[in-house]
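One letter stands for each residue in the lines below.
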Amino acid sequence: MDLSTRYMGLQLTNPLVASASPLNTDIGNVRRLEDAGAAAIVLPSLFEEQIAEEAARQEHLTSVVEESFAEALSYFPESAEYRVGPEQYLDLVARAGEAVDIPVIGSLNGTTSEGWISYARLIEEAGAKGLELNIYFIPADIAMSGREVEKRYIEIVKAVRATVKIPVAVKLSPYFSSIGHMAKAVEKAGANALVLFNRFYQPDLDLAMLKVLPDLKLSSPDEIRLPLLWLAVLSGRMKASLAATTGVATADEVLKYLLAGADVVMSTSALLRHGVGYMATLLSGLEAWLEVREFRSIDEVRGLMSQQRVENPQAFERANYIRILQGYETTHA
Amino acid sequence: MGTITTMDGNTAVAHVAYRVNEVCAIYPITPSSTMAELADQWTAEGVKNIWGNLPVVQEMQSEGGAAGAVHGSLQSGAMTTTFTASQGLLLMIPNMFKIAGELTASVFHVAARSVATSALSIFGEHSDVMATRASGFAMLASGSVQEAHDTALIAQAATLKARVPFVHFFDGFRTSHELNTFELLDDEDIRAMIDDDLVRAHRARALDPEHPFVRGTAHNPDTFFQTREAVNPYYTATPGIVLEAMERFEKIVGRRYRPFEYEGAADAERVLVLMGSGAETARETVKALAAEGEKVGVVTVRLYRPFSREYLLTALPESVAAIAVLDRTKEPGAPGEPLYLDVVAALAEAAARGERPFMPRVVGGRYGLSSKDFTPAMAKAVLDGLKRSDGSNAIGLQNGFTVGINDDVSHTSIAVDRGFSVEPNSVTRAVFYGLGADGTVGANKNSVKIIAEDAKRFAQGYFVYDSHKSGAQTVSHLRFGPEPIKAPYLIEQAGFVACHQFAFLARQDVLALAAPGGVFLLNSPYGPDEVFDHLPLSVQRQIIDKKLRFYVIDASKVARDVGLGVRTNTVLQTCFFAISGVLPREAAIDHIKQSIKKTYGRKGEAVVRKNFAAVDGTLARLAEVKVPSSATARTDRPPVVPEAAPDFVKRVTAPMLTGHGDEIPVSLVPADGTFPSGTSAFEKRNVSDIVPVWREDLCIQCGQCSFVCPHSVIRSRYYHEDALAGAPETFKSAPVNARGYPEARFTLQFYVEDCTGCALCIEACPAVSPREPGVKAINLADKASLVKSERKNIAFFEKLPVNDRARVDFANVRGVQFLEPLFEFSGACAGCGETPYVKLLSQLFGDRAMVANATGCSSIYGGNLPVTPWAKDREGRGPAWSNSLFEDNAEFGLGFRLAADKHLDLARSLLEKLAPDVGVKLTDDILFAPQIQESEIRAQRERVALLKTKLLKLDSEDARDLLSVVDHLVRRSIWIVGGDGWAYDIGYGGLDHVLASGRDVNILVLDTEVYSNTGGQSSKATPLGAVAKFAASGKRVNRKDLALQAIAYGNVYVAQVAMGANPQQTLDAFREAEAYPGTSIILAYSHCIAHGIDMRFGMRQQDLAVASGYWPLLRYNPAMRAIGENPFRLDSPRPTIPLKSYAYNEIRYSSLAATRPEEAADLLAQAQRAVAAKYLQYEDLAALDGSHFRQDAPAAGRT
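Note that the protein sequences, when read in sequence, are chains A and B. Position 321, counted from 1, in the first sequence is what our numbering calls 321; the numbers after and before it change by one each time, with no gaps. Take the position in the second sequence, starting the count at 1, then add 10000; the result is the number in our numbering.
Calculated from the structure, these hints are not laboratory results. There could be a bad hint or two in this list.
[Said to hold, decoys possible] Stretch-level coverage of chain B by chain A, calculated; a stretch enters the list once three of its residues show a Cβ under 8 Å from a Cβ in chain A:
#1 10040 to 10054
#2 10469 to 10476
#3 10604 to 10612
#4 10874 to 10880
#5 10917 to 10923
#6 11011 to 11019
Even glycine gets a Cβ: it sits at the ideal position worked out from N, Cα and C.
Assemble the whole structure, with the sequences as input and the hints as a guide.
Dropping the structure here:
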């Protein structure tokens, strides 16, 4: 059976990709993921803001106590004033690239245009086969218009595209007025792939202590609906590859995404829950389903149920939503 | 020609010493630590010596240990050195006799520093090196950064040939810490000075089983004397060898040195003789005076031992009639100081032998002790003193004179014309007043480098720090000029004065050093149009009278706006270059930016960008102030201490606080080092702009905040509500929230002017508002608007009745808040992890405690003048505190106990004897009184007070004797306090001995796991995987388990505590330890700035240390064994978080993960395994029944 697929110009042995996760900072895990069948690995993001904050913290903690007291002009050996930069991340890119044969894709979350450009270049130089732009932007400034937000995305993609030669994927937010239009615009700006979708940090509140609780929950299978919808809509209409992410718990979700039109399917939560070896379970589940139905390649299933190819394309549109609601009433009222 | 560079003396010396040695045995001591740190750093970086190999650098447990290791290494044939100062050098003396006795080539590099007498001092003088005179080491002195650099090499070359070991010394701080532009020796030149045949000869003399011999035998009276005389030829030859080395150096490098050097008029009649940095000042002075035709000169002594009469005479013109020999040391009781005596002896012999036609008149004087400035004016005053007022060359000075102080007791001091200066006009002089935290010194060091390296001028930087660890003031003295700067003294007239903190203007005379027509730069929250009216009267007058050009900038705002917080350094550095004209403005900005890249590059692009933004944002906000023609202020600076302060505080403490300590006459300073307690209460430092504010409606009165407060600024009292009559409107109180206190009120009072704003209290406060997010019972607020009302509130609070110690519940944290802290307002770091323990000790036992304090952080914040934080209670009682040394503290404290026990025995026997006179019942009540609970102590105090009144009525020797020791009848609490450097390393032998003594002393180890006071060097308490100085690539072995070692004795009470994890357990441990009638030791986890943490979260780190199992809480109480129980109690649960979750919050761990990730991961894994194993070990101990523990070692306790 031919499970191979192409994603952002890279030839992959199958459509399963380990998406950005803390698991992937360990070279042992990176190797195990390859052994378990992952066709590519996206490294966790290099966060420009985090680097800046960590640098400021280090600088503050070490320098504010220096040169104050005659007996102790400093408190750390000079060599311990460590390089707070992207070095560690770049080292990870290089080491991961050397450790496995499958493509290793870097991921970047910038905050300044200089950061996007310089770090993208560094990640490419470190040996990444592709770069995913994790444009994690919450327009908390309510004076900012949707157009401005879109412009920001487009400018970043253009800037990075002009900087690196490796393929570039963009992890999109689902919160655009017109996802399709935005997807095309991003593609036009030079993206080789779109990843649907980024999950944004949504804090909880602590009622006892009246505090904001910053935590991130792992995704669950019922979250696949939104990306599924837009994969189905975009499938066949884009030159850029499409990646699905969010809510992959079993091979079922993998298949649904492929059927909707994804070129690759990414998983993090399931691997965090079950360990990196679970990639093999997903892969065998995928193969089993395909075998039972006698599909010979991924190409045969990809987009089989996209909006363009299903019998009733309206099923993916809002009118259908009204009907579902009506159906819900009929069934449950 | 070597490279022109700018370094401090320590770096310049270490640069050479490292290159010409194979082994460095090191131990930290100010001001020499930097040399050892650099050696360690260079080995970590792979820097090689001149033979192309990497020297071995080994930290030892003390200087005594370092000297032993040096001795061993030398005897094994390696080129070996060490770096030290002061007490450290004294600890080396026994080995120095051995090393010299065995004719072993080596150089010890010494940043000469005062030896502690009635007081410790970290500053420069020659008392330490003078104490080694008898050891047989040769002694070479240097007096500037260039000289120190060169002399380090000359000494090494000479020792190899002479086989006599050398001390190379230079003045601590003045030379060791002065930045100066000088010519660096090329490695090739260094190589050329070292004769490899001599190195091989050194190796050949080593112990070697291939051709064995014995060295280090013991002699009998028949031969020892002769062996001492057998070394004479070597000493006779040494001056010639040194001269030869100096001549070779001159040939290779071009700089000329001689064992004795003369400078001045060829026909000089009056001459100074001295060594060290003072000689440079004297030379510059003599040059100026001789140019005016004065017949004066100076002899610089470089080779002090062996003392060469011949070379002295060669240097000294025959015309000299009067000589003043200046010693930078004091030898009480001697007929003169050492150099003076040597010069007199040499000249006397020369005269007697007829080598000189007559014996010049020679006087000896003292100058510059403990880095007291020695200026050209002083040198001139001494030269002037060599002639009488009639101009004749008879000596007007008396022998044993002093210069630089006002000795109104023995009248040794001579008058000095302070207006005399020899500084050339071509030198730019600038003085900067800043805070340690604002980065002023760092920026100035940077400016020195920019000007020296980029602008190719000669530069000098010297930095004066006050003795506080929080809110410390720094004064930077910078000179720049076209010629090398030879001025090893503070600036007296500055063309540029910058005040980087507006608040300083109200405290001290910042413009005293401003030269007429100079520039004054002020960091001010007020703009150019309004700032003048906010200045104190005297500042306004000086600006007008001296015609200063006055500039302001709100540097704090610029820094805040670009995200640099309190770091105004870049902003004010930019201002300096913009106004001073030292460099063209554009070029200067360029240099600053390049330098920012260099300095901050590795700290990340973001930090660089912020500093760039600070530079760019500065010039637009810098403004010149239009100075009015007359002053507008009505008031001047307020008095530094209140009018009601004791006389001593007003006459002695206050001048020290305002930078006028140099003017205090001898008559006002205590002759024996005895200072009054509790003077810190008079120093309102106002370090922080933010302070805690109490929400009485939310407070649950738990006492957690005051428990953790490092500076004792949170005070609690409960009182009858009637006491509130007359309270200021803003005075806060709440009903006592415990049963049994009807009509009682509770007040939590913050001493806002003493608060450092560390916010430990905020983090400790458990009371959260149920309605207002983020609001607790204590919240931080801007101080400015609170000071006035809080002053009134504090005054009222202090009039409230002090809570009766006999009625306060000592058993819980809540109760402790009502005990007066007798350790308050110290200069410790904001958020210090040690002082909360020290304060607790003072609260619980302070009124009957004696404290022996090892040298280190706790002795510095506990006893470094100007003020003293150990205080007295309302009854006049309080901890009696003293610091002996670093290495002997356990023994020192044991001595307290021995005397107390002796005097208690004496008191008891006298009381028994006097029972018929004072009453049998009172006698029995006193002799058999239980004294564990505070109520029992209070009852005993009353009995003893009654006894005293009875004794006073008796006219007998016994009664008078008993009165002299009667206070011992109240149980004394002896505390031995120090850090881990003392307890684990240098003082461990003594500590172990005291643990084994069974005596009733309490040892408190403030364990920061590193030498905090000297800047973070590794100790045996430093944990596996942590980075520290001397462990730059991470500590490779586990920390010592001192708790288990003490437990092994069986009869020692041992506790391991961490207040931030379990304050109640800490309190229980302190009380149990003190009550235990034998030896007790408490190991107290103390978070520290040397861990690289945000100190606000220090207590949380303590909690995490315990939660991870890294720091298990435990108590081993031998008293439990008496009731058949297991004395070992594990007070903390099994680890609930991985070690990483605790450790990686700290730079000491996380930095290694960034620089060497794989090694860090490996070390972390090892450390995690060690934690697990240690916890299991403790758990096993805790699970045993009592029969597994010794019962056969009863404590030799109190009666």
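Against the structure, the hints come out as follows:
no.	hint	result
1	10040 to 10054	holds (count 4)
2	10469 to 10476	holds (count 3)
3	10604 to 10612	holds (count 5)
4	10874 to 10880	violated (count 0)
5	10917 to 10923	violated (count 0)
6	11011 to 11019	holds (count 5)
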